Amino acid sequence: MLENVAFGLRARGIRASSARATALGLLDRVGLGERAHNRPDQLSGGQAQRVALARALAVEPSVLLLDEPLAALDALTRAEVRSDLRRQLAAFPGVRLIVTHDPVDAYALADRVVVLEQGSVAQTGTLDEVTMHPRSRYVADLVGLNLLAGEMRAGVLHLPNGTQVVAADSALSGPAFVAVTPQSVALHRREPEGSARNVWSGTVTDLDRRADRVRVRVTGTVPLVAEITPAALIALDLAVGQTVWISVKATEIIGYPA
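When we follow the UniProt record's numbering, the leftmost residue of the sequence shown carries the number 1, and every step to the right adds one.
These are computed hints drawn from the structure, not numbers from a lab.
Since no wrong hints were added, every one of them can be taken at face value.
Label pairs and their calculated CB-CB ranges:
id, residue 1, residue 2, range
1, Glu-129, Arg-10, 39 to 45 Å
2, Tyr-256, Arg-112, 16 to 22 Å
3, Asp-206, His-158, 26 to 32 Å
4, Val-166, Thr-229, 22 to 28 Å
5, Ala-71, Arg-112, 19 to 25 Å
6, Asp-212, Phe-7, 42 to 48 Å
In this text the structure is predicted, and so the values were computed from the model without any measurement.
Glycine included, every Cβ here is placed at the ideal spot set by N, Cα and C.
Can you make the complete structure from the sequences, with help from the hints?
See below:
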């Protein structure tokens with residue numbers, strides 16, 4: 001393994017002793033100094049990823065490209081390596097490019113994000129800009145938000161189908177998006193009473209169980225995804241094909257220019 005990490009330096013003409021010393025220092029840095037003389041088949045998946053990172057850093061590149069660095073790891077190992085990789089990348093002085101299909105990797109490792117959809121750039125910006133203000137349905141799905149687009153007038157978003165969505169902010173005007181978190185979408189078996197200004201009916205089309213949460217996809221005049229607890233799923237007795245009512249508080253509607 002030591003020779004593997006030193007290979008790039010040796011290829012550049014660095015003396016063997018110096019190359020090995022640098023390689024050993026990098027293996028220490030990624031927590032594998034004591035395994036420097038192990039064979040590749042003696043490493044776990046996470047350890048192999050750390051060796052690959054050390055080998056890449058050894059030649060002091062100006063640009064570091066990591067293509068799906070965590071894709072082949074199990075969930076527990078992925079979390080451990082992700083945490084270590086974040087520390088290593090923070091100390092790297094050059095440009096860091098990470099290619100990933102996992103939004104969690106982007107949240108943990110990136111400071112700027114470029115989202116590609118079918119080979120074209122769908123959106124680019126800081127992590128906060130992309131995750132809080134998605135500009136397409138694809139990006140919204142990726143970051144876990146509901147997205148609606150329409151014309152904002154006097155604090156009301158007018159959707160293309162004529163439906164109105166009331167927002168708390170009345171200053172925004174013109175073409176606009178609104179983002180709604182699944183956690184802010186309330187579900188009811190009967191039309192709710194009270195002061196909620198955003199109430200619509202729809203049909204349950206999907207129930208996606210995720211550990212301690214359930215994502216409920218509802219289609220209708222305002223298609224939205226709600227996130228509820230398994231206990232709420234049982235209490236509401238929900239099933240695909242059922243008619244439900246949706247309510248969203250105006251204060252939960254986040255509007256921004258299109």
